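In the order they appear, the protein sequences are chains A and B.
Residues 4 to 337 in my numbering are what the first sequence lists, from first letter to last.
Residues 49 to 553 in my numbering are what the second sequence lists, from first letter to last.
Please note: incorrect hints may appear among the correct ones.
Claimed, not checked - Below are the DMTMM-like pairs computed for lysine to aspartate or glutamate, each with C-alpha atoms no more than 25 Å apart in a straight line:
no., chain 1, residue 1, chain 2, residue 2
1, B, Lys-327, B, Glu-311
2, B, Lys-434, B, Glu-412
3, A, Lys-17, B, Glu-318
4, B, Lys-438, B, Asp-389
5, B, Lys-231, B, Glu-251
6, B, Lys-169, B, Glu-251
7, A, Lys-17, B, Asp-189
8, B, Lys-327, B, Glu-179
9, B, Lys-231, B, Glu-311
10, A, Lys-17, B, Glu-311
11, A, Lys-17, B, Asp-358
12, B, Lys-438, B, Glu-388
As the list claims (entries may be wrong) - What follows is a set of in silico ranges between Cβ atoms, one per label pair, in the way DEER data are often shown:
no., chain 1, residue 1, chain 2, residue 2, range
13, A, Gly-168, B, Arg-171, 49 to 59 Å
14, B, Gly-372, A, Ser-332, 17 to 27 Å
15, A, Val-276, B, Leu-365, 55 to 65 Å
16, B, Asp-443, A, Arg-104, 26 to 36 Å
17, A, His-329, B, Gln-237, 46 to 56 Å
Worth flagging that the hints you see were computed from the coordinates, not collected in a lab.
Quick caveat: nothing in here was measured; it's all calculated off a predicted structure.
Where a beta carbon is used, it is the ideal one built from N, C-alpha and C, also for glycine.
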Amino acid sequence: MTDATSTHTTPPLKRALIYLLSHRAAGLFLFIVLLLGIVSVMNPAFLETQNIKDIAVQAAPVCIISCGLMLVLVSGEIDISVGSMMGLLAACMGAMVSESRGHLPPGMAIVLTLGIGVVIGLLNGWLVAYAGVPSIIVTLGMLTALRGVTEIVMGGSWITDLPDGIRFLGTGAFMGIPISLWTALTVILVSLWLVHRTAIGRRIYAIGSNPHAAYLAGLPIKPLKLFVFAWTGFLTGVATLVSVPQLSVVDSGIGVGLELLVVTCVVVGGTAVSGGLGNLSGVLCGVILMTMISTVLIFMKLGENATYWSRAIQGLFILGAIIADHWISRQRKS
Amino acid sequence: MEPLRAVHLSKSYGGTHALKDVSLDIRPGEVHALCGENGAGKSTLIKILSGVLLPNAGTVQWNETPLPLGRVHSVEAHGILAVHQEPVVFPHLNAVDNLFVGREPAALGGAWLDQSTMRKKARAILANLGEELPLTQPVGDMSLAQRQMVSIARALLHQCRILILDEPTASLSARESESLFEKVNTLKQQGVGILYVSHRLEEIFRLADRVTVLRDGTWVATSDIASLNQEALIQHMVGRDITQKPGSGTAPDESKNRPPILEIKNLSREGVFQKISFKIQPGEILGMSGLVGAGRSEIARGIFGIDPFDAGEIIYLGSPLSKGFTIQDTIQAGMAMVPEDRQQQGLVLPLSVETNLLLPSLREFQGPLGLKTKAMRSSGKALIEKLGIKTETPDHPAHSLSGGNQQKIVIGKWVHRLPKLFILDEPTRGVDVGAKHEVHRLIRELAAQGSAVLLISSELPEILSLSHRILVLCEGTIRGELKANEATQEQLLKLALPEEARRSA
Numbered sequence: 004m005t006d007a008t009s010t011h012t013t014p015p016l017k018r019a020l021i022y023l024l025s026h027r028a029a030g031l032f033l034f035i036v037l038l039l040g041i042v043s044v045m046n047p048a049f050l051e052t053q054n055i056k057d058i059a060v061q062a063a064p065v066c067i068i069s070c071g072l073m074l075v076l077v078s079g080e081i082d083i084s085v086g087s088m089m090g091l092l093a094a095c096m097g098a099m100v101s102e103s104r105g106h107l108p109p110g111m112a113i114v115l116t117l118g119i120g121v122v123i124g125l126l127n128g129w130l131v132a133y134a135g136v137p138s139i140i141v142t143l144g145m146l147t148a149l150r151g152v153t154e155i156v157m158g159g160s161w162i163t164d165l166p167d168g169i170r171f172l173g174t175g176a177f178m179g180i181p182i183s184l185w186t187a188l189t190v191i192l193v194s195l196w197l198v199h200r201t202a203i204g205r206r207i208y209a210i211g212s213n214p215h216a217a218y219l220a221g222l223p224i225k226p227l228k229l230f231v232f233a234w235t236g237f238l239t240g241v242a243t244l245v246s247v248p249q250l251s252v253v254d255s256g257i258g259v260g261l262e263l264l265v266v267t268c269v270v271v272g273g274t275a276v277s278g279g280l281g282n283l284s285g286v287l288c289g290v291i292l293m294t295m296i297s298t299v300l301i302f303m304k305l306g307e308n309a310t311y312w313s314r315a316i317q318g319l320f321i322l323g324a325i326i327a328d329h330w331i332s333r334q335r336k337s
Numbered sequence: 049m050e051p052l053r054a055v056h057l058s059k060s061y062g063g064t065h066a067l068k069d070v071s072l073d074i075r076p077g078e079v080h081a082l083c084g085e086n087g088a089g090k091s092t093l094i095k096i097l098s099g100v101l102l103p104n105a106g107t108v109q110w111n112e113t114p115l116p117l118g119r120v121h122s123v124e125a126h127g128i129l130a131v132h133q134e135p136v137v138f139p140h141l142n143a144v145d146n147l148f149v150g151r152e153p154a155a156l157g158g159a160w161l162d163q164s165t166m167r168k169k170a171r172a173i174l175a176n177l178g179e180e181l182p183l184t185q186p187v188g189d190m191s192l193a194q195r196q197m198v199s200i201a202r203a204l205l206h207q208c209r210i211l212i213l214d215e216p217t218a219s220l221s222a223r224e225s226e227s228l229f230e231k232v233n234t235l236k237q238q239g240v241g242i243l244y245v246s247h248r249l250e251e252i253f254r255l256a257d258r259v260t261v262l263r264d265g266t267w268v269a270t271s272d273i274a275s276l277n278q279e280a281l282i283q284h285m286v287g288r289d290i291t292q293k294p295g296s297g298t299a300p301d302e303s304k305n306r307p308p309i310l311e312i313k314n315l316s317r318e319g320v321f322q323k324i325s326f327k328i329q330p331g332e333i334l335g336m337s338g339l340v341g342a343g344r345s346e347i348a349r350g351i352f353g354i355d356p357f358d359a360g361e362i363i364y365l366g367s368p369l370s371k372g373f374t375i376q377d378t379i380q381a382g383m384a385m386v387p388e389d390r391q392q393q394g395l396v397l398p399l400s401v402e403t404n405l406l407l408p409s410l411r412e413f414q415g416p417l418g419l420k421t422k423a424m425r426s427s428g429k430a431l432i433e434k435l436g437i438k439t440e441t442p443d444h445p446a447h448s449l450s451g452g453n454q455q456k457i458v459i460g461k462w463v464h465r466l467p468k469l470f471i472l473d474e475p476t477r478g479v480d481v482g483a484k485h486e487v488h489r490l491i492r493e494l495a496a497q498g499s500a501v502l503l504i505s506s507e508l509p510e511i512l513s514l515s516h517r518i519l520v521l522c523e524g525t526i527r528g529e530l531k532a533n534e535a536t537q538e539q540l541l542k543l544a545l546p547e548e549a550r551r552s553a
């Protein structure tokens, strides 16, 4: 059936819903504005600058990793190892700079942390692209293995003596805006360029959209997959550097559950789990919404139960997003 | 300019030869048809020529220099481009990105795409093809024909000197094929050499200058099309003589007193089909002809309980089907349907031949301790023999079989249940001549055993030779009913064309 007939018979309200769900950024944006309206009426303190800043700082590392994970999903793969990866990178970074352990200069520790992130990403990517192991299995294994390595690195103790040079990445600010936000902004701009203006970006979409066509078109599928995993590893390193030094203590539990939050943000933001589809504005809105939720719940004064709710709601959002995707593709077909 | 020469190409997988010592040349400005049954080595040859596969032996030469093989990019750079069988597009990307992905015009080694040039070039190429396509819409939302045009445009992006078209009309309607033929002729006049692969012999005789036939991976013959007729060509392809007698369809015993198996009364679905009424007798093959999009498949899906309908009645074996019946109901009642897209809808490709064949009848093999594997094996073997399926063992996965043998499974899996009504939607699409013949024989046998068959086919010779009666659909209504032994291809086509086209035709 043609589009013409389906739009003739669809009532305007349903059409609007289809539009908002398929233009995910617009739909989520509207939802965020609505949520902001409701919560600020219930508790005007929500809109105070400090609170907004807190939410933004919380969102920054999630946003940075989501930019990478979106490309992994677009290429038709998945990476659920980023939480454990952040845990390991935090432990490595802490151990390297700690005065009682490695005592390396901060600059060198930064480069090494990013390097380890890239290496883990390359390992993920190699296992997926060249060894042919499904990415869900590879990264599930990594999720457990990396957490184990983290505990070895930490050796059962905590690290509390981070030097100021590293501390600054987490707590410092430039022009009144925290370093982590500047970093997130930079990552977004680089990702926009990567997605919209480079050959690599288009090719990542192509291999996820139709792997067989990509093969026949002679696209370098394996190197591209290697790249998206390595890039995600790198960005996880970046996110670690700007978020972990905010904490007073580095322990072996950093990043637990982060992979689920990131996957939720990316999928809620309209990225298809099956590959080929996804855009940064949607993902950005997904990140803002998902990191907002827990604060919103606190400001709604639900009491101690708020954190329990936030997990449940996170789950509902991911289910809702997938159901919406499914519903839309059905509407398109008929 | 020199022709492109493939010299002594061979390719084998494991122990089996997909291609053995095949040579062929394509001259500039000629349409060179490539024929052969499925599994004859056509796709292997095409994949080697287009740089997707590396041959085990042999070279491809142009102007006495061998081309680099096994790399799509270097082959494309020489102006050799392939349009593969199924429209190979990236559904989520728009037309411009589809054309350019993998060979983007870009500054700084791909770090900055030149999008305005891409858009301009894309528009120019599509204009040259005489196509107006929306450039920003995801290609997945376009029609099959439009997607096909995108694939062809993708090939023409380069300075194209050799164009390989693999079954380009397989998913096109008659009208769309017509416009494709025009484009092929235009390109030919521009000096492009075209390697044209098709199962449809009419097309080959219409378009080709020369034809090369492959059989079982080896070269059989290359000759001018003028020196061949259809029978000779088919004989080259199958290596044996199978002449089809057209119009052999005679109605069963015409006994009016036997109650019909299926009776449809005023079946309608808004915007898809209107007031469809017909009957099918036991033992009768009722053909349904019409252009793609005339509503044939949709009617079949409605009868089988896949799609809903708005009004009308379906009377099956004398009693009307209750409102809101499902596929389970119709299967239970003894209907069987072979869908249009066998790989996606008719087969579980990784499962074995035997499992696929017995899948609809598993309940019958249910014992107290699970499935009765011995009984399944003997039934499976009997079916494989009866249907003439070529497989090494019943345990081989369905995807290891050729297209024709897969199609026999899709039909044959219902045979065990002895259905009263078969609905066959394009049962021989993409199936080679030899296997087609066997599928036809199978369909006739089913009818001879007393089943009623509703046959949907876009191939006029097929529908004429198999059916007893033919319904012609156009834009969702029945345009006419013909007796097969009195009908001609021209009559069918005339009825199938919509009013406006008919007036101008």
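His-329 of chain A and Gln-237 of chain B, beta-carbon distance inside 46 to 56 Å? Given a distance of about 48 Å, which is inside 46 to 56 Å, the answer is holds.
Hey, Lys-327 of chain B versus Glu-179 of chain B, does the alpha-carbon distance stay inside 25 Å? Distance ~42 Å between Lys-327 of chain B and Glu-179 of chain B Cα, so the pair is violated.
Are Lys-17 of chain A and Asp-189 of chain B close enough, with their CA atoms no more than 25 Å apart? The hint holds at about 19 Å.
Does Lys-438 of chain B pair with Glu-388 of chain B here, judged by a C-alpha cut-off of 25 Å? Cα-Cα ~22 Å, so holds.
If you draw a straight line from the CA of Lys-169 of chain B to the CA of Glu-251 of chain B, is it 25 Å or shorter? This hinted pair is violated, its Cα atoms lying about 31 Å apart.
Are the Cα atoms of Lys-231 of chain B and Glu-311 of chain B separated by 25 Å or less? Violated. Lys-231 of chain B to Glu-311 of chain B sits at ~44 Å, over the 25 Å cutoff.
Starting from Lys-438 of chain B, check that the Cα of Asp-389 of chain B is at most 25 Å away, please. Holds, because 21 Å separates the two Cα atoms, which is no more than 25 Å.
Would the pair Lys-17 of chain A and Asp-358 of chain B pass a check requiring their Cα atoms to be no farther apart than 25 Å? Holds: Lys-17 of chain A and Asp-358 of chain B sit about 21 Å apart, inside 25 Å.
Go ahead and decide if the range 26 to 36 Å is satisfied by the Cβ distance of Asp-443 of chain B to Arg-104 of chain A. Because 59 Å falls outside the window, the suggested range is violated.
Tell me if the beta carbons of Val-276 of chain A and Leu-365 of chain B are separated by a distance inside 55 to 65 Å. The hint (55 to 65 Å, Cβ to Cβ) is violated, given that Val-276 of chain A and Leu-365 of chain B are roughly 45 Å apart.
Could you grab the alpha-carbon distance between Lys-17 of chain A and Glu-318 of chain B and see if it respects the 25 Å cut-off? With a Cα-Cα distance of about 19 Å, the restraint between Lys-17 of chain A and Glu-318 of chain B holds, given a limit of 25 Å.
Would the pair Lys-17 of chain A and Glu-311 of chain B pass a check requiring their Cα atoms to be no farther apart than 25 Å? violated (37 Å)
Of the numbered hints given earlier, the model fails hints 6, 8, 9, 10, 15 and 16; all others are met.
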